[in-house]
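Participant: Spelled out from the first residue to the last, the chains are:
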Amino acid sequence: MCEPAPNELVILGIGNDSRGDDGLAWAFLDALEGDPHLQAQLLYRYQLQPEDADAIAQAKTVVFVDATKDPLERGFHWQSGLPERQPQVHSHWLPPSAVLGLCQEVFGTCPEAYILAISGEQWELGQGLSVPAKKRLKAALRFFRQWLLLSSSLNPAHTTFLPPR
Amino acid sequence: MGQKIVIDPVTRVEGHGRVTLRLDEAGKIEKALFHVIEFRGFERFIQGRPFWEAPVLVQRLCGICPVSHHLAAAKAIDRIVGIDPENLPYAATQIRRLLHYAQTLQSHALHFFYLASPDLLFGLEAPKEKRNVIAVAQEYRELARMGILLRKYGQELIQAIAGKKIHGIAAIPGGVQKGLTTKERDRFLKGIDLPSIDTVIEWSKASIDLMKDYHRKNREWMDDFATYPSGHLGLVKEDGAMELYNGRMRAIDSSGAIILPDIPDYKYLDYFAEGVERWSYLKFPYLVERGRENGWNRVGPLARINVCDYIPSPLAEAERLEFFEFSGGKPVERSLYYHWARLIEMLHCAELIRDLLGDPAILGGELTATGKRRPVGIGVIEAPRGTLIHHYQVDEKGRIERCNLIVSTTHNNEPINRAVQSVANRLLDGTRKITNPMLNQIEIAVRAYDPCLSCATHALGEMPLKVELLDETGTVIDVRTRPE
Chain A
1 MCEPAPNELV ILGIGNDSRG DDGLAWAFLD ALEGDPHLQA QLLYRYQLQP EDADAIAQAK
61 TVVFVDATKD PLERGFHWQS GLPERQPQVH SHWLPPSAVL GLCQEVFGTC PEAYILAISG
121 EQWELGQGLS VPAKKRLKAA LRFFRQWLLL SSSLNPAHTT FLPPR
Chain B
1 MGQKIVIDPV TRVEGHGRVT LRLDEAGKIE KALFHVIEFR GFERFIQGRP FWEAPVLVQR
61 LCGICPVSHH LAAAKAIDRI VGIDPENLPY AATQIRRLLH YAQTLQSHAL HFFYLASPDL
121 LFGLEAPKEK RNVIAVAQEY RELARMGILL RKYGQELIQA IAGKKIHGIA AIPGGVQKGL
181 TTKERDRFLK GIDLPSIDTV IEWSKASIDL MKDYHRKNRE WMDDFATYPS GHLGLVKEDG
241 AMELYNGRMR AIDSSGAIIL PDIPDYKYLD YFAEGVERWS YLKFPYLVER GRENGWNRVG
301 PLARINVCDY IPSPLAEAER LEFFEFSGGK PVERSLYYHW ARLIEMLHCA ELIRDLLGDP
361 AILGGELTAT GKRRPVGIGV IEAPRGTLIH HYQVDEKGRI ERCNLIVSTT HNNEPINRAV
421 QSVANRLLDG TRKITNPMLN QIEIAVRAYD PCLSCATHAL GEMPLKVELL DETGTVIDVR
481 TRPE
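Chains A and B supply the protein sequences, listed in that same order.
Counting along the first sequence from 1, when you hit position 164 you're at 164 in the numbering used here, and nothing is skipped either side.
Counting along the second sequence from 1, when you hit position 237 you're at 237 in the numbering used here, and nothing is skipped either side.
The hints are simulated quantities; they were obtained by calculation from the structure and are not laboratory data.
For every residue, glycine included, the Cβ atom is placed at its ideal position computed from N, Cα and C.
Heads up, some of the hints might be wrong.
Said to hold, decoys possible - Listed next, with one range per pair, are the computed distances between beta-carbon atoms:
| hint | chain 1 | residue 1 | chain 2 | residue 2 | range |
| --- | --- | --- | --- | --- | --- |
| 1 | A | 82 | B | 375 | 56 to 62 Å |
| 2 | A | 125 | B | 437 | 36 to 42 Å |
| 3 | B | 322 | A | 46 | 37 to 43 Å |
| 4 | B | 397 | A | 123 | 56 to 62 Å |
| 5 | A | 123 | B | 274 | 54 to 60 Å |
| 6 | A | 46 | B | 401 | 46 to 52 Å |
| 7 | A | 125 | B | 433 | 38 to 44 Å |
| 8 | B | 274 | A | 135 | 47 to 53 Å |
| 9 | B | 218 | A | 142 | 55 to 61 Å |
| 10 | B | 475 | A | 131 | 46 to 52 Å |
| 11 | A | 151 | B | 355 | 45 to 51 Å |
| 12 | A | 125 | B | 254 | 42 to 48 Å |
| 13 | B | 435 | A | 151 | 49 to 55 Å |
| 14 | B | 397 | A | 30 | 32 to 38 Å |
Unchecked claim - DSBU-like mimics (lysine-lysine), calculated; alpha carbons at most 30 Å apart, straight line:
| hint | chain 1 | residue 1 | chain 2 | residue 2 |
| --- | --- | --- | --- | --- |
| 15 | A | 69 | B | 164 |
| 16 | A | 134 | B | 164 |
| 17 | A | 69 | B | 128 |
| 18 | A | 138 | B | 31 |
| 19 | B | 183 | A | 60 |
| 20 | B | 31 | B | 330 |
| 21 | A | 60 | B | 190 |
| 22 | B | 164 | A | 60 |
| 23 | A | 69 | A | 134 |
Chain A on its own, in the form it takes in the complex (with noise of 0.2 Å):
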């Protein structure tokens, strides 16, 4: 794992890398972690639950990682997440936005927030990643690079995502 920055970037990937690109999260923080050009807390979560908005509670800016079945025009989908103060919530696990929505009524606060949704394509037990979402990973890795150059150069607060030069 990378040396936690709580203060500063928090990714949390979404899935379950027993079923197939269900595990598609894990491999997008699994390419990150040792990352010498990366400052960042990783997260690998079956589910959101309650507890994340603690989990995200000091940090400036939140990306939630989430593989998805929608068949999306780049393979990937980057948006930006909002809280939420009426969710649908019917157990226990929550959306992204029910658990900004919570960081927000129990710790009065609530970090900058981007939503990752990476297309897959199957989702059986014992299956690796599929050819085709491995290459959405490629490109969807490569664009947070890039994004995460370029939120650092235009605001100030990013540059802590990267290490001193």
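Got chain A sorted already, so can you dock chain B onto it with the hints?
Facilitator: Below, chain B without anything else, positioned relative to chain A:
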């Protein structure tokens, strides 16, 4: 003409359930059935696998209580490698207990604060937007914070012992892999980035105070709701104390008389059988001597507090005594008191964790033992939701030939059906439509048992309650589902 109502799916439970209410010609409930429609498979999946894999494989049944399955399987596998519980090294026993209490603490916190508290705080008529933990956070910020951090404490302790919060590995045949470091121990004692164990105890007590306040204001409702006579089953120590990790099996009847006299857990098959019904994948365990109709038992926090003679930790024992003031010392058979009993157990676990954190044995020492191989292993523990039985038979090469799992929710199958029938009888008198408050109350009855339907059927799949109303010919006259 008779009619039938179906609720599908039941929400804020772990798994996918469905309720069918069949009305007679007079519009009264003829039968209420709580169906579990997920498919059961783990007992078959692991046939042919080497026995030492069982504690790792079977915990995949569940993402909420994997530690319970891990430890029940480990206890069974200990016996296969020739180690009875009393011969497990002391340090290994203490580390396993610490893991087990952390699991029970986090599971009870999850159920009360995340799933059940909206029912108690917002009432039966609350709109769906308010029936979740976010709404709790909006109106009861400190309570939500307490719930989140109590669960986090348990989860972090599990991770420290087993390497991961979910599906970690701590137990191995005849022992455990490792203990805690001094630094890890101090983190949980003093609360460096977590609440300290003293704060966990204080918050657990505060949550019981909240429950008692609710009880003061709603006693009539709590006393009348889904109340019916039953047997109660749980583990106890030799002196009758509440026991969660390793004890003897005791059952009592509705009057409090002992009907299963503290038997050794490995003899369960001499006393229990499992019935089946064509409308559910979930089996119906019962005491053979009392038969399928009368031999079923509640399990879980309410049953455990009913069967034990006392709780061996001072604060929880004081709460137990107060709890029984309201029943005149007799077994409590009111379903909503499950929540209260659950919180008393949460406090008990917090006290036990504090004691274990003060025991140097959890830092290491002799961690494994070996013995002479046996063909059969049975492990029984009190999981958060109730008595959990794992039973394995292996061949001469150590491959699993047969596996039988009797999961907590399986024991509670008949009680949940009775609870639904009790509530439906009161609500549906002459009514032929499923209203929202009706749906809420049926869910509240099911939820009191904290059922884990994924565990009970060992399912893979999605979660969510469906209620159907049928006439006597089987025609559906109303259906409500959640999520809508």
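Participant: Just pull the numbers of the violated hints for me, sorted ascending.
Facilitator: Violated hints (numbers, rising): 4, 5, 6 and 18; every other hint is consistent with the structure.
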